[in-house]
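There are 4 protein chains.
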Amino acid sequence: MKKSLQKIIKFRKDRDWKQFHSPKNLAISLVLEAGEILELFQWSKDNELPKDKRKKLDEEMADVYYFLLLLANDMGIDLNKVLEEKMKLNEKNYPANKVKGSSKKYTEYK
Amino acid sequence: MKKSLQKIIKFRKDRDWKQFHSPKNLAISLVLEAGEILELFQWSKDNELPKDKRKKLDEEMADVYYFLLLLANDMGIDLNKVLEEKMKLNEKNYPANKVKGSSKKYTEYK
Amino acid sequence: MKKSLQKIIKFRKDRDWKQFHSPKNLAISLVLEAGEILELFQWSKDNELPKDKRKKLDEEMADVYYFLLLLANDMGIDLNKVLEEKMKLNEKNYPANKVKGSSKKYTEYK
Amino acid sequence: MKKSLQKIIKFRKDRDWKQFHSPKNLAISLVLEAGEILELFQWSKDNELPKDKRKKLDEEMADVYYFLLLLANDMGIDLNKVLEEKMKLNEKNYPANKVKGSSKKYTEYK
Chain A
5 MKKSLQKIIK FRKDRDWKQF HSPKNLAISL VLEAGEILEL FQWSKDNELP KDKRKKLDEE
65 MADVYYFLLL LANDMGIDLN KVLEEKMKLN EKNYPANKVK GSSKKYTEYK
Chain B
5 MKKSLQKIIK FRKDRDWKQF HSPKNLAISL VLEAGEILEL FQWSKDNELP KDKRKKLDEE
65 MADVYYFLLL LANDMGIDLN KVLEEKMKLN EKNYPANKVK GSSKKYTEYK
Chain C
5 MKKSLQKIIK FRKDRDWKQF HSPKNLAISL VLEAGEILEL FQWSKDNELP KDKRKKLDEE
65 MADVYYFLLL LANDMGIDLN KVLEEKMKLN EKNYPANKVK GSSKKYTEYK
Chain D
5 MKKSLQKIIK FRKDRDWKQF HSPKNLAISL VLEAGEILEL FQWSKDNELP KDKRKKLDEE
65 MADVYYFLLL LANDMGIDLN KVLEEKMKLN EKNYPANKVK GSSKKYTEYK
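Top to bottom, those sequences are chains A, B, C and D.
Anchor point for the first sequence: position 62 equals 66 in the working numbering, and the numbering is continuous, going up by one each time.
Anchor point for the second sequence: position 105 equals 109 in the working numbering, and the numbering is continuous, going up by one each time.
Anchor point for the third sequence: position 22 equals 26 in the working numbering, and the numbering is continuous, going up by one each time.
Anchor point for the fourth sequence: position 95 equals 99 in the working numbering, and the numbering is continuous, going up by one each time.
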């Protein structure tokens with residue numbers, strides 16, 4: 005992950021693109037790239053990925069990861085650390101013995 | 005990153021939530037969580053994060069990372085590997101000497 | 005529709021909020037509000053709206069319509085007119101005799 | 005507006021596409037089309053629409069309007085009526101004399 009980040013930071017620096025990467029613009033790009041993943045599933049009837057979209061999914065996942073890493077870097081966020089903290093909160097808000105297998109509780113999850 | 009993934013897979017298993025996690029639903033969640041990041045910047049005038057949203061950003065970044073890891077896991081995708089491949093493509097499509105500092109070229113970037 | 009527009013323009017003017025409504029910010033709001041509609045369907049298993057979300061859907065639909073009308077107004081766009089033009093294009097790109105009932109063709113629809 | 009709706013309902017019927025239009029899928033399409041509007045502003049520095057995107061904006065606005073009308077129709081929602089009701093709520097939640105010109109209050113607006 006650290007190696008991936010170094011690579012994309014160098015990529016950006018070589019192109020002098022940081023000037024376009026305000027946190028707000030990176031957040032916009034993150035939404036748009038996530039949308040491109042969702043688009044692959046748009047008319048799927050069985051909620052699975054159509055087979056002919058598999059290669060495209062790899063690329064779109066990479067794009068979301070790319071912008072997530074950049075935004076995290078620019079905002080000084082350690083993704084694994086914030087996830088660890090969030091999971092503690094999730095453990096508390098969603099006690100396994102109370103929400104297990106419950107779609108009702110689950111629909112409240114944001 | 006591997007440790008983070010193990011933790012969230014266990015979290016999901018303990019709650020028997022995989023049944024709700026079709027790839028399509030995970031893609032929807034990814035878009036919605038990315039939207040919650042963007043919402044923090046919604047009325048920002050200077051394209052920066054309002055100071056009082058810093059803590060919230062950590063949580064929303066964690067949520068996007070959470071769904072990205074789950075979707076990658078369920079689809080058998082190695083994020084660092086697909087990023088590496090995508091960056092090769094980006095290097096090819098965006099040669100530094102041609103697009104450097106150019107917002108015009110950059111606007112074609114998807 | 006014209007009456008609705010007049011009402012929201014007055015609402016905005018009374019609050020002096022136009023200063024926050026750059027076209028870009030309105031486009032962001034449109035995405036976020038559309039996301040709030042989608043959120044109501046997030047974990048729906050049968051692709052229908054959960055019954056307890058019906059009232060909320062009215063509100064979120066109103067929010068999307070609100071930002072769509074504002075953005076159209078500010079950009080000088082007549083929604084019914086651009087839709088009419090787009091439908092001509094759609095008629096051409098999707099001839100009924102070729103795409104009828106075809107999900108395959110339909111998946112190419114953007 | 006009624007005429008626009010009649011036209012797109014006929015368009016859909018002629019193609020037998022209603023089978024793909026579950027409310028959930030229409031909500032997904034609405035988000036994705038709103039995203040295509042936002043994409044036109046993605047790297048805009050002055051928060052305005054780049055001039056060469058004007059024609060494209062007409063088309064994307066039409067697409068959002070198309071899916072908004074379809075979803076409203078299928079869910080039995082009168083857009084002008086729900087907007088009127090929502091505006092009453094907005095008038096109550098955002099009294100002009102309290103929030104006028106205030107970006108601070110405005111950032112709480114969802």
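Everything labelled a hint here was simulated from the structure, so no lab data went into it.
Mixed in with the good hints, there may be bad ones.
Identical copies look the same in the list; a pair holds intra-copy or inter-copy alike.
What the hints assert, rightly or not - Straight-line distance between alpha carbons at most 35 angstroms, and here's what the computed DSBU-like set of lysine-lysine pairs gives:
(1) K7 with K102
(2) K90 with K14
(3) K90 with K57
(4) K60 with K49
(5) K14 with K59
Q.
Taking the earlier hints as the rules, which of them does this structure contradict?
A. none
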